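*Asks:* These protein sequence lines map, in sequence, to chains B and Y. Number 126 in full-length UniProt numbering belongs to position 126 of the first sequence; there are no gaps in the numbering. Number 207 in full-length UniProt numbering belongs to position 207 of the second sequence; there are no gaps in the numbering.
By construction, these hints were calculated from the structure, which means they are not laboratory data. Do not take every clue at face value.
[To be verified] List time: in silico DMTMM-like cross-link candidates among lysine to aspartate or glutamate, alpha-carbon distance up to 25 Å:
1. K94/Y to E326/B
2. K94/B to D149/Y
3. K94/B to D222/Y
4. K94/Y to E164/B
Nothing here was measured: the structure is a model prediction, and the numbers come from that model.
For reference, the chains in residue letters:
Number of protein chains: 2
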Amino acid sequence: MENFFEKLTAEQKLETERQLEVYCNGVQEILPEAELKNKIAKSILQNQPLKIKLGLDPSAPDVHIGHTVVLNKLKQFQDNGHLIQLIIGDFTGKIGDPTGKSAARNQLTDEEVKHNAKTYFEQFSKVLDMDKVDLHYNSAWLSDLQLEDVIRLSASITVARLLERNDFSERLATGKPISLHEFFYPLMQGYDSVVLESDIELGGNDQHFNVLMGRHLQEHFDKEKQVVILMPLLEGLDGKEKMSKSKNNYIGVDEDPNNMYGKTMSIPDELIAKYFSLAADLPVKEKQQITAQLENGTMHPRDAKMLLGKTIVRMYHSAAAADKAEQHFKTIFQKGAMPDEIPEAKWKGGNKVLITDLIAEIGLLSSKTEARKMIANGGIRLNGEKVSDHQLLVEITDGLVLQAGKRKFVKLRLSTGK
Amino acid sequence: MENFFEKLTAEQKLETERQLEVYCNGVQEILPEAELKNKIAKSILQNQPLKIKLGLDPSAPDVHIGHTVVLNKLKQFQDNGHLIQLIIGDFTGKIGDPTGKSAARNQLTDEEVKHNAKTYFEQFSKVLDMDKVDLHYNSAWLSDLQLEDVIRLSASITVARLLERNDFSERLATGKPISLHEFFYPLMQGYDSVVLESDIELGGNDQHFNVLMGRHLQEHFDKEKQVVILMPLLEGLDGKEKMSKSKNNYIGVDEDPNNMYGKTMSIPDELIAKYFSLAADLPVKEKQQITAQLENGTMHPRDAKMLLGKTIVRMYHSAAAADKAEQHFKTIFQKGAMPDEIPEAKWKGGNKVLITDLIAEIGLLSSKTEARKMIANGGIRLNGEKVSDHQLLVEITDGLVLQAGKRKFVKLRLSTGK
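Here chain B stands alone, though its shape is the one from the complex (with noise of 0.2 Å):
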């Protein structure tokens, strides 16, 4: 790629300089960084907005602030005028599991993508705008190769290489099964990057390999190479594991304001720095202000859970959203009924469990019948909000706070089994 960055005026290398500056920030790596900027150098000089690709898997349509990480950064190269690609997989969605053996890759139907496609583009809404998005089913390319294409599309890349992927490493070393279709996965991820002449891919972190391919085999059809932007990992509510639907450990875009304010003020201190570098849209300075302040004291952990739990609510809903929100927190938990130290209670059960089930089970409460009788008297709080239901079907998630009465609290933790 020849040197744009030297043909652009002065004015250019700054806009340049700058945009490199905002990319840059906050992410895990980027594969080459050298040529990112010139990929930004050329686009200015010529006029043209980069193409921003992200792929999407069908099967898992809802979004948490863990997959806000990713679109926050596409964000910034929209605001800038580039044109972000967001590619749903939906061929090999609807081939599932050819094994048969994961429940998890379950054979969707034409029906369920476009469903999920439509889910996920509402919730995406909240963060881009929709209307500049180049959307894509790669099902459309995909499912026109035929073997012969399959055979000069495998032969560009060896099979030592494939093995070099951490995942499949382990697994062939400890003797645990690769089916010789899962070689695949990565070369169709990285063939739609050569179908849609993609500059940049962005992916989280555990997507290194994956999104590496788009690159190698954009150089075997003699295109220009992809660039790399690999984001760091959200930790969710836990701080252990990654946030995840399926750990119940979330902040999910749609949910109501008082939930995600609540939800917020759950995460581990030592994450709170985290959750404001990732997933707040505040100015780069003022999430280091605040970073620094934590670290030195001066500011309390629990006022900068409460500036990110209401900076959280207004991203995903109103300014006044947030504002109610953070009323109804300090309505709720601080007017003197909330202690500081909640005791906490490792819950191991399902994910829904009957109001006057949970409570007998974790003890706030000694039985049912005391459980259905102060739900009547109107003495049960589930996050601060009254219980009048005793058939509620309770939703577990981690830090999910119960109140009996204006003394007794507990707070859930969910038992990961590690």
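Please build the complex by placing chain Y on the supplied structure of chain B, with the hints as guidance.
*Replies:* Relative to the frame of chain B, chain Y by itself:
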């Protein structure tokens, strides 16, 4: 598979055992033999021929007696009324080597494939009744496969299983690249058996992994599994390497009777019994007798080779041609003219050499000028044939005998560089 053998009459059982004995003779391995017996029994009970598959590489249509080891085994099945399935592997032939690294894997055009297939069949007709053979080009089904089919096919096999193939495991261990597309060749060969519902697949002993793949894939697709019959590999005239055109150590089935006979006479003594076993159509008992006589010294190796040469010429030409070739050999080499022991010269040069250069280089005469003179006088013979053209381009083969005048002989030995 149910037990068909036990449902047979006593007479049918005898016929099953008779066929089984014929098929088992001379093989390297049958996987598994019990199933072969039961398949024969089923065929007799249901009066349905078995389908016996052989896959052919369309890029090398020169048939030599190394190939006939497998053809002779096919003929035994054909003689008992079974159906021979010949598969021209034109699909991969037309792709060639997609990495572009192997000069040996040129891309073939449709015309070249058809021409090569025709060449095969003409030569095969010397062993098999080609009117009764079932011919297929595997592009007929492989070119219809789409990525989705390929993924489902690949899901049936693990990477670890593929790496069990000797050449793959060696290359991975020594850091030599394996391109991913190479994993497909065994899968495609196996898929041919699925489509054709083959009962038995024949192959050389080096095809062990590939023909077992057919068995594996048939099981995956809920078909009756094929039995695998592996034949020993026949060493070429040098007695070391597997017979092949590229090593120039072969006896082609299209060669003229005198060449065929003469080349047979040049094989090392220790291979005589193996050539009888694998390349001659004599009754098993006669072969065993010859082997025994060679071992106890009651038969001179040269007499055994003369019988072998006569047999091979008869097989590919006629009894009359065999008599004539024997006579020719006796006239030229035996009537006092040719000594029992001929000095040998190692040949490291090209495959085609000017007769005068050849004579000078191996030192049969001291210069090219002398060689030209002696050719003019009719004093130079090649394998007993007088040479009249001093610009003759000699095709070098292992065991080629050059003669100058009545007394001077040199036998060429190819240096394989090992």
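*Asks:* Against each hint, give a clear statement of whether it holds in the structure.
*Replies:* Results for each hint:
no.: 1; hint: K94/Y to E326/B; verdict: 69 Å, violated
no.: 2; hint: K94/B to D149/Y; verdict: 13 Å, holds
no.: 3; hint: K94/B to D222/Y; verdict: 23 Å, holds
no.: 4; hint: K94/Y to E164/B; verdict: 31 Å, violated
Violation of the numbered hints given earlier is confined to hints 1, 4; the remaining hints are satisfied by the structure.
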